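Enquirer: Take the given structure of chain A and dock chains B and C to it, following the hints.
First to last, the protein sequences are chains A, B and C.
To convert, note that position 304 of the first sequence is 514 in the numbering used here; the numbers rise steadily by one, no gaps.
To convert, note that position 396 of the second sequence is 404 in the numbering used here; the numbers rise steadily by one, no gaps.
To convert, note that position 179 of the third sequence is 249 in the numbering used here; the numbers rise steadily by one, no gaps.
If you're looking for bench data, these hints aren't it; they were derived computationally from the structure.
In silico lysine-lysine, DSBU-like type, Cα no more than 35 Å apart, as pairs:
no. : chain 1 : residue 1 : chain 2 : residue 2
1   : B       : 336       : A       : 524
2   : B       : 336       : A       : 483
3   : A       : 322       : C       : 203
4   : B       : 119       : A       : 524
5   : A       : 322       : B       : 84
6   : A       : 605       : B       : 327
7   : B       : 119       : B       : 336
8   : A       : 605       : B       : 336
Partner residues aside, some chain A positions facing chain C, computed with beta carbon under 8 Å:
no. : residue
9   : 257
10  : 258
11  : 261
12  : 286
13  : 330
Derived list of chain C stretches under chain B, where covered just means 3 residues or more per stretch with a C-beta under 8 Å from a C-beta of chain B:
no. : segment
14  : 276–290
15  : 351–358
All values derive from a computational prediction rather than experimental measurement.
For every residue, glycine included, the Cβ atom is placed at its ideal position computed from N, Cα and C.
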Amino acid sequence: MAMSEDPPKGKRLPLYDESALPYEHPLYKTLLSVPGLSVAVAPLDMILQWGMTNALWIFPMATSCCGIELMAAAASRVDLDRMGTIVRATPRQADVMVVAGTITVKMAPRVKRLWDQMPEPKWCIAMGSCAISGDFYRDLYSVIPGIDTVLPVDVYIPGCPPNPEGLMHGLMRLQEKVKLAREGGLPTREENPALLDLTRPSVMRFKDPARDPSVTLAQEEAALHATAQDSSDERPVDGPAVTFAPAEARAPDVDGEFEAILAGEFGVTELPKDAPPIVEAARHVELARRLRAAGYRQLVLVAATHYPEKTGAKAQAERFEVTYGLRTIGARSRVALWRVCLAPGESVDTLVGVYAGADWQEREQFDLLGVTFAGHPDLRRLMLSGDWQGHPLRKDYPADKACAPWR
Amino acid sequence: MEMTEATLTMQSAKRGRVDPHRSMRAYDADADLMLLHFGPQHPSTHGVFRMDLHLDGEIIVKATPYVGYLHRAVEKLCERLTYVQQTPVVDKNDYVSPMTNEQALTMAFEKLLGVEVPRRARWMRTLFAELQRVASHLLWLGTFALDLGGALGGGSTLFLHCFRERELILDLFEEVTGARFHYNTHLIGGNRHDLPAGFAAKVHSALAIVESRIAEYEVLSLNNGIFQMRSRGVGVLDGELALELGVTGPNLRASGVDHDLRRDAPYGAYDELAVNVVTAQGGDCYARTQVRFGELRESIRLARAAIDGMPEGPICGHKPIRQPGQAKATSGQVYVGIETPRGELGTFVIGGGDTPTCPYRLKIRPPSLHALSALPYILPGATVSDAVAILGSLDPIMGEADR
Amino acid sequence: MSALGHGALYGAVLIAVMLSTVAVGIWFERKFAGRMQSRLGPTIVGPMGLLQPLADVVKLLQKEDIIPAGADRALFNLAPVLATIFSLGVAAVLPLSPHMIAADLDIGVVYMLAVGGLMVVPTFMAGWASNNKFALLGGMRAVAQSISYGVPLVLAVLVPVILSGSLSLAGIVRWQSEHHWFALWPVIPGLPAFALYFMAMLAEANRIPFDIPEAESELVAGVTTEYTGAKFTLFYLAEYVHTLVGSAIGAALFFGGWDGPFAPGLHWMVAKTLALFVVVYWVRWTLLRLRSDQLMELCWKWLTPIGVALVLIAAAWVQFAPQGAL
Chain A
211 MAMSEDPPKG KRLPLYDESA LPYEHPLYKT LLSVPGLSVA VAPLDMILQW
261 GMTNALWIFP MATSCCGIEL MAAAASRVDL DRMGTIVRAT PRQADVMVVA
311 GTITVKMAPR VKRLWDQMPE PKWCIAMGSC AISGDFYRDL YSVIPGIDTV
361 LPVDVYIPGC PPNPEGLMHG LMRLQEKVKL AREGGLPTRE ENPALLDLTR
411 PSVMRFKDPA RDPSVTLAQE EAALHATAQD SSDERPVDGP AVTFAPAEAR
461 APDVDGEFEA ILAGEFGVTE LPKDAPPIVE AARHVELARR LRAAGYRQLV
511 LVAATHYPEK TGAKAQAERF EVTYGLRTIG ARSRVALWRV CLAPGESVDT
561 LVGVYAGADW QEREQFDLLG VTFAGHPDLR RLMLSGDWQG HPLRKDYPAD
611 KACAPWR
Chain B
9 MEMTEATLTM QSAKRGRVDP HRSMRAYDAD ADLMLLHFGP QHPSTHGVFR
59 MDLHLDGEII VKATPYVGYL HRAVEKLCER LTYVQQTPVV DKNDYVSPMT
109 NEQALTMAFE KLLGVEVPRR ARWMRTLFAE LQRVASHLLW LGTFALDLGG
159 ALGGGSTLFL HCFRERELIL DLFEEVTGAR FHYNTHLIGG NRHDLPAGFA
209 AKVHSALAIV ESRIAEYEVL SLNNGIFQMR SRGVGVLDGE LALELGVTGP
259 NLRASGVDHD LRRDAPYGAY DELAVNVVTA QGGDCYARTQ VRFGELRESI
309 RLARAAIDGM PEGPICGHKP IRQPGQAKAT SGQVYVGIET PRGELGTFVI
359 GGGDTPTCPY RLKIRPPSLH ALSALPYILP GATVSDAVAI LGSLDPIMGE
409 ADR
Chain C
71 MSALGHGALY GAVLIAVMLS TVAVGIWFER KFAGRMQSRL GPTIVGPMGL
121 LQPLADVVKL LQKEDIIPAG ADRALFNLAP VLATIFSLGV AAVLPLSPHM
171 IAADLDIGVV YMLAVGGLMV VPTFMAGWAS NNKFALLGGM RAVAQSISYG
221 VPLVLAVLVP VILSGSLSLA GIVRWQSEHH WFALWPVIPG LPAFALYFMA
271 MLAEANRIPF DIPEAESELV AGVTTEYTGA KFTLFYLAEY VHTLVGSAIG
321 AALFFGGWDG PFAPGLHWMV AKTLALFVVV YWVRWTLLRL RSDQLMELCW
371 KWLTPIGVAL VLIAAAWVQF APQGAL
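Chain A on its own, in the form it takes in the complex (with noise of 0.2 Å):
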């Protein structure tokens, strides 16, 4: 096979060893070294493959919506168990891994490990887009570009999700699989055409060697919409036009009382049109302390926002805006936000005292955006791994994963 058919492999780890021998149970052993029984070895092969091949255990690999699927896949209507296919929990008594969803950098070294402790023989099933190529996330810093960069996969099914009946029939595929494998090997992509996409991902890995790596994706993105304005369809509808509506008219959400204690307790006057007012970071506790008494029970916003630096007509120097909301429980609940305005290096005091649910708020933003909580009690990474370097929502973050641990 000439090396020019491999798909390009990026800078790709060599995770799984790809030139390891297939399994072969001591049985085999034993028979074909006894001299007289060696004669045993065919109709017993037949015997083993036709178990082999009908009782399918899956191990459900499953992360995310695609697990929902696999198991409508075991429920009445499609009923894996007509094949004999049933759902156990440890991997220990599975054969078929089936990676149902998006596969993260923090998640794949546990699914590598699972999937070592799977007993031979064993196969994979890549279920959906995201296990198969990272579907739309595969740039994106946390996820894998496809579980086939961290093990090898036998059956790839496409969609997003597949329905149970493709489950169903990629364990049909699978089944031929085993059998051929069986029989003297499988044959090479030459001698089995149909075989190939058995084989071989569906989607290229990484990126994709034809595009000019001179032209941003902002660039791309300005393209596409410099030819898209010119195309919106005229369809004759009765009704209502879309309107726009002018900024005036769109107030944020601020009610009479929430602003009386701006103004009255605070000294805050000045709102903008649109978007929440600033409070000094100094006060916003005492703020939220004073709203909470006032009946705002529920913290339901912490975002971090960032704005890098910026130089020329927009000039701007750089900074970090945490936009907090409450909320009031009962009839007509309203929303009061407030924005607290940071320089970089400057933290903003915990609310965590006020409500206990500031807590993983406050940790996701610190994660995410690096803006610290003074007296915040547990201060740590909340979705990504500890050993995480920069903080991916910064605007000044790669958008691809040039810089995420995983390459």
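Expert: Just chains B and C, lined up with the frame of chain A:
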């Protein structure tokens, strides 16, 4: 309900709330605690969720949850996509209830862009949301039973029965949108797919089947002695703590707090359809089940009302927003929260930035993450078996919690 | 024929019959569960999916045999073998028909309780030797459960022993065929004693609602978490054999064993055993699982006092009942 700071503090002190940040060094060194890593891959963690349980025998002394095993960088992705490209992305967040995800995001964008939605589209969205709530609660009931009864036992019987009925709802959605889930049917300013002919009759027949079987499920769960033994008094979350933690939806209402955004901050067609809010007292797994059973019935009623009163008219504006250039925002910051089957799904969008066709920042407030944050408070004192039940009763969806 | 030859022959037949019954039982359970869950169960492998359990076993035997790195190898390997030996060992005293008893021991009941009670040893061995925390928790649960439920089990079995005045299983069945079935008369110690026996048997065999040592939604697969291939097969079979033998003993102790009109005794015995076996499935696929502390509470606060009361009632019945009523 007005509460002063002093009374709140007093209540907290009286309750003796668990301190989730207590160091392990503060526990008795001779207690010989066992550390059990529960997840991220475990049959009952509802996806990839991990808890480190410190056990004294089978009793949990301290629980430390870890999330992020399904962190798919949705917020970063959404900053790179235009406004019209984002519904398929958020579909995958809460994959048990994609309709309400789309609705939340689309409503936030509509508010940011100032787009009006025709009345028929709002009613259709309400119909979809209620049908989705039925499907989501059915799936929750099935998986909760699976946690209590195991995949090789009575739990799986209830689970498969719930799935059977859930398929009826998915068939309805498939008829409208062509997909079993991940529908991508919400547009900014309306809906992409109109209801097909004869849809009302199909909705009615499907709902009739589901409704007739809810009583069966009640026999297998709420009225079953073993179910009551396993769920009564287990995982008690008091209303005050739930409010403080930001727990919303059925979990909050099971703690006796009468709060439902469909009634309290109406959106869609809820200003025309009266919603009866189901609450329960107790805050335990049993109360959470009671609330969800009540909501199943209420959602069936609402879905019937929505399909019966479905107004005629266009399903989206004169110029449907399908192209990136049609949706632009130079400024603006909006927060929109709606009531999904799991609670308040909030979307906070900041418009503007270098590309006006993309949001500058998108923050999704997932109800599941807030429900999970209650675990370190309510797990200590429970057994490993209870941990499974408590986790299941909170109905977490990791795709949404981790994003 | 010498006693040894007799025992060996019957033993071999019994094991063959047991294992084939278990294979059909697994198929039947999967079909039965399928019907309860409005699906079909196995349909493809063999006619009506009949060969499915065979395919499972053939596959399991081919799987790689993994012994975890930190495991206690000797105990890990010994546990499944012991489990199989003990579960099949109880079958030796099963009175299948008046003439088909592998070992008609005078103290058959004691033997049955003793060997059946030993099942906890391999279970805990497996849990301990696996070096896995889920397995260890499962093993600890199994010990607590088996020892506790041994008490109501013994008390329930004592009722027919007292009523018939025999410690031999065959003797008890013979007494019932001459007089009446204990499940039917006397109703008060008899029927509740059967219910007690059935619950204790479910607990001893780790069946839902008492399957907390396995509890796959909590402990992944409990004590068998680390077992692969052939060793897992042995555990799997031992568990089924345990349930099957438990059902057979229940049929012998309370439903007159081989006693019945028109058909040979063996047919009646098998029919009664399978009927009880089906009830076990029925319960299994309907109910949820109890928690371990609730299990203990049920055992010590309810079942054990009831058992003691039943034994006293049985003794009083033997002592005071009019001669004809026996």
